[in-house]
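**Q** Spelled out, the chains give:
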Amino acid sequence: MTALFTMTMQPGSKWSAHVGRGKSITLKATGDRANVSALFFHAQDPAERYNMPDTLKAQHTAFLTRGNILMTDQGKALASITEDSVGWHDPLSGYTTREGTDDKYGKTTYQDQRNDWLRSGEENFKVELFRNNLSPRDIGVPVNFFSKVVCELDGTMNYSLQETAERSVTLRTEMDMLLVLSNTPHPLDPSGQYPDASIVVSVADAEPVSDMDPCVLHCDENRRAFENTWNAYALLKGAN
Amino acid sequence: MSTFQPVQSPLLTEKALYEKVITAGDGWIHDLLPGQVLRIVDMEGNQAVDTLFYSTEDPSDHYSAVRTITRQGNLYLTTGSTLLAESGRELLRITADTCGRHDTIGGACSAQSNTVRYAHDTLPMHNCRDTFMLMLSQRDEYTKRDLAPNVNFFMNVPVTPEGELTFADGLSAPGRYVELLALAPVTVLISNCPQLNNPCNAYNPTPAKVLIWDAEGVSANV
Numbered sequence: 001m002t003a004l005f006t007m008t009m010q011p012g013s014k015w016s017a018h019v020g021r022g023k024s025i026t027l028k029a030t031g032d033r034a035n036v037s038a039l040f041f042h043a044q045d046p047a048e049r050y051n052m053p054d055t056l057k058a059q060h061t062a063f064l065t066r067g068n069i070l071m072t073d074q075g076k077a078l079a080s081i082t083e084d085s086v087g088w089h090d091p092l093s094g095y096t097t098r099e100g101t102d103d104k105y106g107k108t109t110y111q112d113q114r115n116d117w118l119r120s121g122e123e124n125f126k127v128e129l130f131r132n133n134l135s136p137r138d139i140g141v142p143v144n145f146f147s148k149v150v151c152e153l154d155g156t157m158n159y160s161l162q163e164t165a166e167r168s169v170t171l172r173t174e175m176d177m178l179l180v181l182s183n184t185p186h187p188l189d190p191s192g193q194y195p196d197a198s199i200v201v202s203v204a205d206a207e208p209v210s211d212m213d214p215c216v217l218h219c220d221e222n223r224r225a226f227e228n229t230w231n232a233y234a235l236l237k238g239a240n
Numbered sequence: 001m002s003t004f005q006p007v008q009s010p011l012l013t014e015k016a017l018y019e020k021v022i023t024a025g026d027g028w029i030h031d032l033l034p035g036q037v038l039r040i041v042d043m044e045g046n047q048a049v050d051t052l053f054y055s056t057e058d059p060s061d062h063y064s065a066v067r068t069i070t071r072q073g074n075l076y077l078t079t080g081s082t083l084l085a086e087s088g089r090e091l092l093r094i095t096a097d098t099c100g101r102h103d104t105i106g107g108a109c110s111a112q113s114n115t116v117r118y119a120h121d122t123l124p125m126h127n128c129r130d131t132f133m134l135m136l137s138q139r140d141e142y143t144k145r146d147l148a149p150n151v152n153f154f155m156n157v158p159v160t161p162e163g164e165l166t167f168a169d170g171l172s173a174p175g176r177y178v179e180l181l182a183l184a185p186v187t188v189l190i191s192n193c194p195q196l197n198n199p200c201n202a203y204n205p206t207p208a209k210v211l212i213w214d215a216e217g218v219s220a221n222v
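Line by line, the protein sequences are chains A and B.
Heads up: the first sequence at position 185 corresponds to 185 in my numbering, and the numbers run straight through without jumps.
Heads up: the second sequence at position 103 corresponds to 103 in my numbering, and the numbers run straight through without jumps.
No lab work stands behind these hints: they were computed from the structure.
Small disclaimer: the values here were computed from a predicted structure and weren't measured.
A couple of the hints might just be wrong.
In silico SDA-like cross-links for lysine to any residue, where the CA-CA straight-line distance does not exceed 20 Å [claimed, not checked]:
id	chain 1	residue 1	chain 2	residue 2
1	A	LYS104	A	PRO190
2	A	LYS104	A	LEU235
3	A	LYS14	A	THR109
4	A	LYS14	A	ASN115
5	A	LYS148	B	PRO158
6	A	LYS148	A	ALA43
7	A	LYS126	B	ASP31
8	B	LYS144	A	PRO190
9	A	LYS148	B	PRO199
10	A	LYS126	B	THR160
11	A	LYS14	A	THR30
12	A	LYS148	B	THR160
13	A	LYS148	B	GLY73
14	A	LYS148	A	ASN158
15	A	LYS148	B	SER60
16	A	LYS126	B	ASP146
17	A	LYS104	B	GLN72
18	B	LYS144	A	ALA43
19	B	LYS144	A	PHE130
20	A	LYS23	A	MET212
21	B	LYS209	B	ASP31
22	A	LYS23	A	TYR233
23	A	LYS126	B	THR143
Use the sequences and the hints to build the structure in full.
**A** This is the structure we're talking about:
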């Protein structure tokens with residue numbers, strides 16, 4: 001597929017965009033310990049958005065990989081994970097905060113470090129949400145792409161290092177969306193070294209969703225979420 | 001794996017300021033002052049009490065499941081857990097717990113998620129998110145954007161090291177309770193779950209009771 005758009009997110013950087021349905025968005029990490037925290041909203045009605053509990057309980061999973069879909073709070077398929085060479089993306093752990101970033105990596109300021117100062121997911125989200133006419137009250141649970149967190153049976157959450165260099169994940173948009181990305185560390189990554197992986201974002205037109213699509217066929221729950229999306233778009237479509 | 005140690009409350013029910021039974025499928029919204037203690041009782045056992053918390057001072061600042069679990073490094077809530085808002089503000093601390101398992105990631109049932117999880121024809125069934133919305137619509141300061149992943153008190157949603165998530169039989173029993181100390185002015189929103197599709201409550205939603213004490217465990221002017 002020919003990319004319609006490519007850009008590189010430096011460590012600490014953020015990006016948001018409206019992406020129409022039927023696109024493939026590929027995130028590729030240039031190094032290890034990559035983490036991209038991502039929020040997803042319905043483009044036309046941002047009060048409808050990615051819902052972590054609904055997504056996980058419908059698919060009986062506590063991590064995301066190829067075949068899984070992201071669902072909205074309205075029971076719709078928002079995006080599908082169509083390709084994944086990483087294997088485990090964390091939906092449970094949230095985003096880094098200013099306080100947590102200062103505590104772990106040492107306090108940095110723009111005054112002292114210029115653009116090498118260390119950004120937090122919290123501030124990146126606030127800026128991009130506000131830029132899109134939303135506010136901090138719209139910060140929800142992100143997907144942490146490229147990160148793995150294993151939960152023991154007693155609930156203990158353990159960050160698990162996995163190789164991310166040159167690995168990628170591809171999302172197919174099933175609805176028009178506002179996508180907000182933050183290339184900031186995973187909050188449970190124990191390393192005191194701020195990650196240095198850049199993320200290459202590329203967007204292309206996706207193939208139409210077929211009846212044999214692995215994300216539709218993944219489970220009955222996914223098919224019903226797709227049906228809810230398709231029905232909603234059928235209602236919006238004009239007669240001619 | 002650590003073994004759960006029940007922590008009993010010293011508070012006497014006859015000294016509670018407030019007591020109310022929330023029947024299955026009903027909602028409850030109530031403001032707590034700092035120092036007040038809320039007890040939620042699973043009256044008949046294995047009921048899910050879907051609960052959200054807001055800063056009364058800033059209603060746009062809701063309970064954050066991920067900030068709470070990430071800071072304590074554990075998915076489950078029990079005695080000692082501090083519940084955080086999305087801003088990082090400390091809202092409440094669990095001071096007693098005789099159940100030992102409270103879910104933080106299963107969220108609330110909704111008409112729309114029921115169509116996905118069970119069947120399209122479950123759309124008309126009563127559900128927690130409708131109760132949450134009915135309760136929040138009583139107050140002008142809230143909108144749908146303020147719905148966030150909630151706590152399911154007494155509900156057991158195990159996550160395995162392989163990343164599987166299941167709904168299991170609860171560990172609760174009649175009369176088990178959890179008690180929370182308000183650390184700030186907190187608005188509590190409860191939907192006592194009416195879910196009829198999930199075997200974890202044996203398809204039988206049951207009542208829950210809430211009690212409130214003031215800071216000293218005696219009546220006060222509030």
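**Q** Compare the structure with the hints numbered earlier in the document and write down the numbers of the violated ones, lowest to highest.
**A** Those not satisfied are hints 2, 6, 7, 8, 9, 10 and 15.
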